[in-house]
Amino acid sequence: MTGLVITAAIVLVAALSLVYTPRDPLQMNIAGRLEAPSAGHPLGTDQYGRDLLSRVMRGAAASLVVGGVAVGIGMGVGVILGMAGGYFGGWLDEALMRLMDAVYGFPAVLSALLVTAAFGPGIVISMVAVGVAYIPIFARLTRGSFLSLREQEFVLAARALGARDWAIIGRHILPNTLSPLIVQATISFPIAILAEAALSYLGLGTQPPHPSWGLMLKDAQSFLALSPWYAIFPGTAIALAVLGFNLLGDGLRDILDPRAS
Amino acid sequence: MRRYVLRRLLAFAATLVVVSVLIFVVIRVLPGDPALIIMGTEASPEAAARLREAMGLDRPLAVQYWDWIRGALQGDLGRSIQYDVPVGGLILSRLRVTLPLTLLAALFMTAAALPLGMYAATHHRGLGDYLAIVASQLGIAIPSFWAGLLLILLFAVHLAWIQAGGFAGWEQGLWPGVRSLLLPALALGLIQAAILTRTTRSAVLEVLRAEHVRTARAKGLTERVVTWKHVFRNALIPVVTIVGLQLGQLMAGSIVLENVFYLPGLGRLALGAIGARDLPVVQGVVLFVATTIVTLNFAVDLLYGVLDPRIRYE
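Protein sequences appear in the order of chains A and B.
The numbering of the first sequence is the working numbering, which starts it at 1 and goes up by one.
The numbering of the second sequence is the working numbering, which starts it at 1001 and goes up by one.
Just chain B, with the same shape it has in the complex (with noise of 0.2 Å):
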């Protein structure tokens, strides 16, 4: 185990690395002058170079990257040139409302996906499990963002439940925070939810098959102890996976939702900062966001090893 640990820890640390290059690449090298970008190229060159200047540009790439990372190492992201505030204390801030998000979308899909991908595998072939198919086949096709404007539109426009978009913030207290998310983190829970209903029912179908099952069944264990005892423990190991890979996803899509929502969180700050040319704010997100999921990666690849034993000794 401590060599597959070690493993993967190595492969971890050389995948941040190659992350933090691909952004390096992408904002510095390829489209040339950062200092134009921001100031446009109306801008004189005597102020072109002042800001070439003050953002380090006149050093060696490799001088650059090594100053971004370490600094970034060290929780410094650089300044927001729009909002001239440390960018990141901006993406703490803005995590107040990503984040939960995501948990809530998250919590969401598995709470509708685990039961029904369950029913669906143990009444293979019934109503139930053909239902549940066409829902997820269904929910699968409904992009994120139209899903949301449905949403407003039902409970917004037409019932007046609640106020389409905007936060409430969590001064107030967590009710009226939780509230502004709900909807959004439905919407962006939805397609993943489909996707995990799948998974799920596969899974479960697959271990009902195995000979362990058959075995538990022989010798008379009742059909709810095998199904907890036996069938759900095993296939729990290909959900977890994919859970832990869906929640790199839902951080991704909840850019998008933001955006629906008028949420003030990572997705809408990197947008706003694309259109007011605030590379430091938008290299910053890119990186956080990246980081995490690949992170997320990596502690499914540990967590595989912990729950699978052959994985560990291949």
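With the rest of the complex left out, here is chain A (with noise of 0.2 Å):
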């Protein structure tokens, strides 16, 4: 219930920076830079000015964006590679869980470092490379549920009423595959919010002018004695974010999937 209320708000919010902001989250004021928190900015300004509410907001939409982004990407290949694995077994299985092994060796960071070098930085990178950290989870999840249904009478008995393989696979297995992967994803969301957030910290995500998180943080690090104010608004939002996903995908576990818990 406090994850719902707390996914919902940081939602709402993410919504609201499209269309309203306090003030404009681009719009520097040499003038008051570094600002305490104030009425005229609850958050207080950056070392351009620019108003650390409206920063913060907006930052969670794109954090919001390549989180689901991310996740999507990892959710889409990896049960696809999974699916294949797990229904037709055999050499393709071998081979697609090899690579599941070896892309598992790649944590977020790593892949973005890789990628990063030799295509640049940008939100698109630190997307694919968030993503690309889901695929091998997803495929293991979607293969050992396939392994397992695959021998199940309602699917023998749909094999020989000679169903194809593309039937079976959409009608019949995958359905009965949906409720792990829809928690797999819930759980996979705040993880990807705080890649995310670290990618942008080390300027391998979104790129300024425009906020994100953890680009926040890593220009707060330069004002740290100077105004700690800056450095505990963005993270504290990420806090919050993570942890409502994770109650709300604890919940959301329980109603689903039972005998997990």
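To be clear, the hints were calculated from the coordinates, so they are not data collected in a lab.
These numbers were taken from a predicted model, which means no experiment stands behind them.
Don't be surprised by glycine CBs; every beta carbon is placed ideally from N, CA and C.
Relax, there's no trap hidden among the hints.
Facing chain A, according to a computed beta carbon distance under 7 Å, are these residues of chain B, among others:
1) Val1019
2) Leu1153
3) Ala1252
4) Val1256
5) Val1286
6) Ala1290
7) Val1294
Dock chain to chain to rebuild the complex, using the hints, since each chain is given by itself in its own frame.
Now the structure itself:
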């Protein structure tokens, strides 16, 4: 319940920030640099005098989009590979699992380093890097479900009736694997937010002047002694978002997959 | 057991080959011309051609891959463009920071998580259990680099107990070096400790419900003996697995923390190399870290077979 409330609040703020922020998140004001929180700027201002509240709000949108796309990439590719391996088995399964073992050796930070070296930094790179890290997780999960469902009687019956492979996969097996996949997606989403924040902190994700929580913390580090609140608020936003989605994921797992808890 | 080890070993070798091919494809094949990436698009065609020849880029891709991997197997990862020294030596020297940082974080992680998880499970639904759950929920939500910033804020800015960032080196003895790694290791270990606490707790809870524990209690063993001899040892199997996987995560995480605390480790090396378009260094560091992670996973697989005989007969 707490998770749902926090999550809903963050999603609302992110959506709101696209149409309304108290100030323009990109509007600089050199005279008002690094101001402490006040009525005019509830969270203070950054080193260019930009309103931190507006930037933290817009940062929520960036985080959710990157997290969502990353989990989408991981889930989309992972499920297809896991289906192929789990259903057809044999050498294809063996080859795919070795590929997944290899991809598992590349946590988001590592693949982001690699891909950025080749293509230069950017938000798309960070989405792909975070997403790729999830492919093995979704692939193994899907494969596991397919392996156990493949031999179930209702699947054998469908096959005996002459159903094609794709019909069996799409109509009979896939719907039965959905709950664990949804749970995994909810669990993965907050971790993707953390990964995105870390990447943009390193300068491998969202590029300035666009607001991103990780990037704000990177800037704030230079002014830690001078204006500590600058480092407090974006970090709190990350922690709150991650906490909210984690709690939501736990709750969802209890509902959808009672055996796991 | 021998069959199990042999099968895992083959899979491990195949995985390493795929890792190296993936890195090779991303760096050398996908983006087009590494010579232009290194020199910039304003480079003269003649200069680019010279660099291409020097790097062996004018030869077939398969030959280039074979040369690269054959060198890597002998410890030759090419030369850094930025520093003009062998990449292998560069990695080894930076490992003197990254490896102790990773191990120290792992030490913090296990020292905090195992007792906490154990306590939470044996006091299931008690106040301690509840507090442990809340603590781990919060620990998972705090990004490691933010934890690092908060530690700097507290210990360096407010309390002025230590210097924020930088590395004292190992030349003046063990302590100055370890001291500069304490805060980053703490920040790095926090999130993984939170994850490990949850794993330990649920693993112990699982075993506590098992039949053999009931038997042990029924024959009148003290709770102490039941906990340590019958519960803890069995719960260790999933815990060891997670710890092994977490070591890899910690090593990857150190890339971030080194940049928070200005530590001259692998992460700073790689990030600096990206800025300087030093592709051989990026390629070398990524190959090294990915290989380490895959090797750790392999070790976990083997250990799993040793700890749990059921696995190797599957």
